[in-house]
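Take the position in the sequence shown, starting the count at 1, then add 966; the result is the number in this note's numbering.
Hints are computed from structural coordinates only; laboratory data are not their basis. Careful: at least some of the hints might be erroneous.
In silico lysine-lysine, DSSO-like type, Cα no more than 27 Å apart, as pairs [to be verified]: (1) K1092 with K1106; (2) K1105 with K1175; (3) K973 with K1106; (4) K1062 with K974; (5) K1065 with K1105; (6) K974 with K1092; (7) K1123 with K1065; (8) K1062 with K1092.
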Amino acid sequence: MNQLPMKKYSIDQFAEMAAEEQDSFLEIIARTDHPSTYEDFDSFRLMVFRRMWMNDNSLSLTSEAFIIFQNSVFQLDRSHNEFFLLPENIQDLANKLEKYYAGNKRILEGYSSELEKLETSLFDRKVPSYFMDVWFDLKKDVTIAENFYLRNRLMFKEFTRRERNFLQEYAEWFHDLEETIIFQQSSLQALESRLDGLHHYYSSIKSEKLNRTIITLTVISGIFLPLNLVVGFFGMNTEGLFFKDNPQGTQIVTGILAGILFVIFFGIPLLNFIDRWVLRFLLGRYNMYRNIFNRVKDFDNRIKNK
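Please put together the full structure from these sequences, using the hints given.
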């Protein structure tokens, strides 16, 4: 007849049970951020579950350790360096894991919300100066979370496979939780793809602005060089110059210079405005939504005719 387990065990007590694998057991327990893992120490089985949590400045990872011993489940209390018995056994373990993954889900939703804000600012062409800082933080944390979910999924598959007899009527529930892990992992991959696409779009906008700046500088250089020649030409002390005998000569030359400057600062933006608003929308040159609407309308008409 098996002896009933105690309600508490110290870390050293389980370390002694691990026998030759004592050092390995203590090394795993010592790390507060140990990756998710499942280990069979003959006398007991150890499951380390690493979960995500947020502090004020960054994403953090912390590990929760559980031991299955004599058909009972114990959880590590790091503040007292001991394992305590979960009263409802496997049901308590299931509830705790569900709570951890619910917290992970809220964190992922928070990252998705921040990404949507970046996407909105970029699509509205109102790129904030801190864009790359936020993008880098998102990319870093999403990569960390993706690696975290990969380890968790591998650990969870091994746990459910090896503990099938112990889980019994909870096996289906743990299978559903595994599906939740897979779904959240897919959400992370989608976030990463959106981040990569956003960075590509951001780079395109920056390249476009750089090209416009280069073109503007080229135009300005091309205009001010002749201006220098004009100023130098009219400043020569020679006979036969234009407007030499015209009382309004200075005003005419000043007007020419002002006209050139007006074309530089207002003419080019005006052409861009005409191209964007008049040609694209009034003439339908780039009306994406109208094209989509026409396609849908045409498809609906074909269905009705059938």
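To see whether the hints hold, each was checked on the structure:
no.	hint	verdict
1	K1092 with K1106	holds (24 Å)
2	K1105 with K1175	holds (24 Å)
3	K973 with K1106	violated (41 Å)
4	K1062 with K974	holds (18 Å)
5	K1065 with K1105	holds (25 Å)
6	K974 with K1092	violated (58 Å)
7	K1123 with K1065	holds (19 Å)
8	K1062 with K1092	violated (43 Å)
Comparing the model with each earlier hint shows violations of hints 3, 6 and 8; every other hint is respected.
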